[in-house]
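Asker: What follows is the residue order along each chain.
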Amino acid sequence: QKEVEQDPGPLSVPEGAIVSLNCTYSNSAFQYFMWYRQYSRKGPELLMYTYSSGNKEDGRFTAQVDKSSKYISLFIRDSQPSDSATYLCAFVGGGGKLIFGQGTELSVKP
Amino acid sequence: NAGVTQTPKFQVLKTGQSMTLQCAQDMNHNSMYWYRQDPGMGLRLIYYSASEGTTDKGEVPNGYNVSRLNKREFSLRLESAAPSQTSVYFCASSDQQPQHFGDGTRLSIL
Chain A
1 QKEVEQDPGP LSVPEGAIVS LNCTYSNSAF QYFMWYRQYS RKGPELLMYT YSSGNKEDGR
61 FTAQVDKSSK YISLFIRDSQ PSDSATYLCA FVGGGGKLIF GQGTELSVKP
Chain S
1 NAGVTQTPKF QVLKTGQSMT LQCAQDMNHN SMYWYRQDPG MGLRLIYYSA SEGTTDKGEV
61 PNGYNVSRLN KREFSLRLES AAPSQTSVYF CASSDQQPQH FGDGTRLSIL
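These protein sequence lines map, in sequence, to chains A and S.
The numbering of the first sequence is the working numbering, which starts it at 1 and goes up by one.
The numbering of the second sequence is the working numbering, which starts it at 1 and goes up by one.
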């Protein structure tokens with residue numbers, strides 16, 4: 001079993017749709033949960049960062065963590081064409097190293 | 001505000017050639033990382049340096065060597081390139097979290 005599993009996509013939605021991106025993990029020692037966004041031919045950039053179960057909201061983005069089910073989600077409301085990118089979940093492992101999911105490619109069509 | 005700078009941006013090598021990928025950060029971070037990104041695999045850690053003068057293996061170190069030249073610079077060397085090392089290579093730096101990424105080096109081995 002992989003340590004992190006992410007819905008592979010690709011995902012294509014119309015502008016204005018609600019998007020749900022999901023990851024499951026198996027290591028209960030993970031305490032910090034992140035979502036990175038990566039535009040084409042660019043490096044990943046941090047989008048959301050949380051360490052507790054529950055929801056964290058930042059504008060149109062909501063990160064949800066369920067530690068009991070080992071499941072994290074990223075919701076994007078009122079999606080825009082500028083949200084088209086690859087989204088990577090990431091978990092902080094031993095020594096501060098990041099463990100990444102495989103990435104979900106999202107396309108938002110005008 | 002440069003952040004993390006990687007050179008070169010693109011490179012094509014023949015099997016057996018050697019190559020050094022350069023990375024420099026201007027954020028005075030202690031930790032630096034080298035990842036590779038392959039389709040469907042997410043980002044995988046090759047080597048990291050927790051502080052100047054130290055380096056450690058990550059998940060996929062075989063075929064690579066690194067040098068932490070000083071606090072700013074962390075290089076990745078392929079001594080004898082193989083087609084399996086065709087990938088996009090990302091350098092990152094951090095103090096704690098989050099990690100800040102460069103825009104990558106796209107490397108093709110023929």
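These are computed hints drawn from the structure, not numbers from a lab.
Check before you lean on any hint, since a few could be wrong.
[To be verified] To give an idea of the interface, some chain A residues facing chain S are shown, with a C-beta separation under 7 Å as derived from the structure:
#1 Arg-37
#2 Gly-43
#3 Arg-60
#4 Gly-94
#5 Phe-100
#6 Gly-101
#7 Gly-103
[What the hints assert, rightly or not] The calculated DSS-like cross-link candidates involving lysine-lysine, where the alpha carbons are at most 25 Å apart (straight line), are:
#8 A:Lys-97 to S:Lys-71
#9 A:Lys-97 to S:Lys-14
#10 A:Lys-67 to S:Lys-57
#11 S:Lys-71 to A:Lys-2
[To be verified] From chain S, some residues computed to sit far from chain A (all C-beta separations above 12 Å):
#12 Lys-9
#13 Val-12
#14 Asn-28
#15 Gly-63
#16 Tyr-64
#17 Val-88
#18 Ser-94
#19 Gln-97
#20 Asp-103
These numbers were taken from a predicted model, which means no experiment stands behind them.
Where is the CB? At the ideal position from N, CA and C, for every residue including glycine.
Asker: Assess, step by step, whether the Cα of Lys-67 of chain A is no farther than 25 Å from the Cα of Lys-57 of chain S, and give holds or violated.
Answerer: At roughly 29 Å apart (the allowed maximum being 25 Å), Lys-57 of chain S and Lys-67 of chain A break the hint.
Asker: Using 7 Å as the Cβ threshold, decide whether Gly-103 of chain A counts as touching chain S.
Answerer: holds (6 Å)
Asker: For Val-12 of chain S, which was marked as not at the interface, is the minimum beta-carbon distance to chain A over 12 Å?
Answerer: holds (17 Å)
Asker: Starting from Lys-97 of chain A, check that the Cα of Lys-14 of chain S is at most 25 Å away, please.
Answerer: violated (32 Å)
Asker: With a cut-off of 7 Å on the beta carbons, see whether Phe-100 of chain A makes it to chain S.
Answerer: holds (4 Å)
Asker: Beyond 12 Å on every Cβ pair: is that true for Gly-63 of chain S relative to chain A?
Answerer: holds (20 Å)
Asker: Was the hint right that Arg-60 of chain A lines chain S, CB cutoff 7 Å?
Answerer: Constraint on Arg-60 of chain A not satisfied, violated at 20 Å.
Asker: So is Lys-9 of chain S really clear of chain A, every C-beta pair being over 12 Å apart?
Answerer: Since the minimum Cβ distance to chain A is about 9 Å, Lys-9 of chain S lies within 12 Å and the statement is violated.
Asker: Can you confirm whether the C-alpha distance between Lys-71 of chain S and Lys-2 of chain A stays at or below 25 Å?
Answerer: With a Cα-Cα distance of about 34 Å, the restraint between Lys-71 of chain S and Lys-2 of chain A is violated, given a limit of 25 Å.
Asker: Could you check that no beta carbon of chain A comes within 12 Å of the beta carbon of Val-88 of chain S?
Answerer: violated (9 Å)
Asker: Is the nearest CB of chain A more than 12 Å from the CB of Tyr-64 of chain S?
Answerer: Consistent with the label, Tyr-64 of chain S stays out of reach of chain A, its closest Cβ about 16 Å off (over 12 Å).
Asker: Is the Cβ of Asn-28 of chain S farther than 12 Å from every Cβ of chain A?
Answerer: Asn-28 of chain S clear of chain A: closest Cβ-Cβ about 17 Å, beyond 12 Å.
Of the numbered hints stated above, those contradicted by the structure are hints 1, 3, 4, 9, 10, 11, 12, 17, 18, 19 and 20, listed in ascending order.
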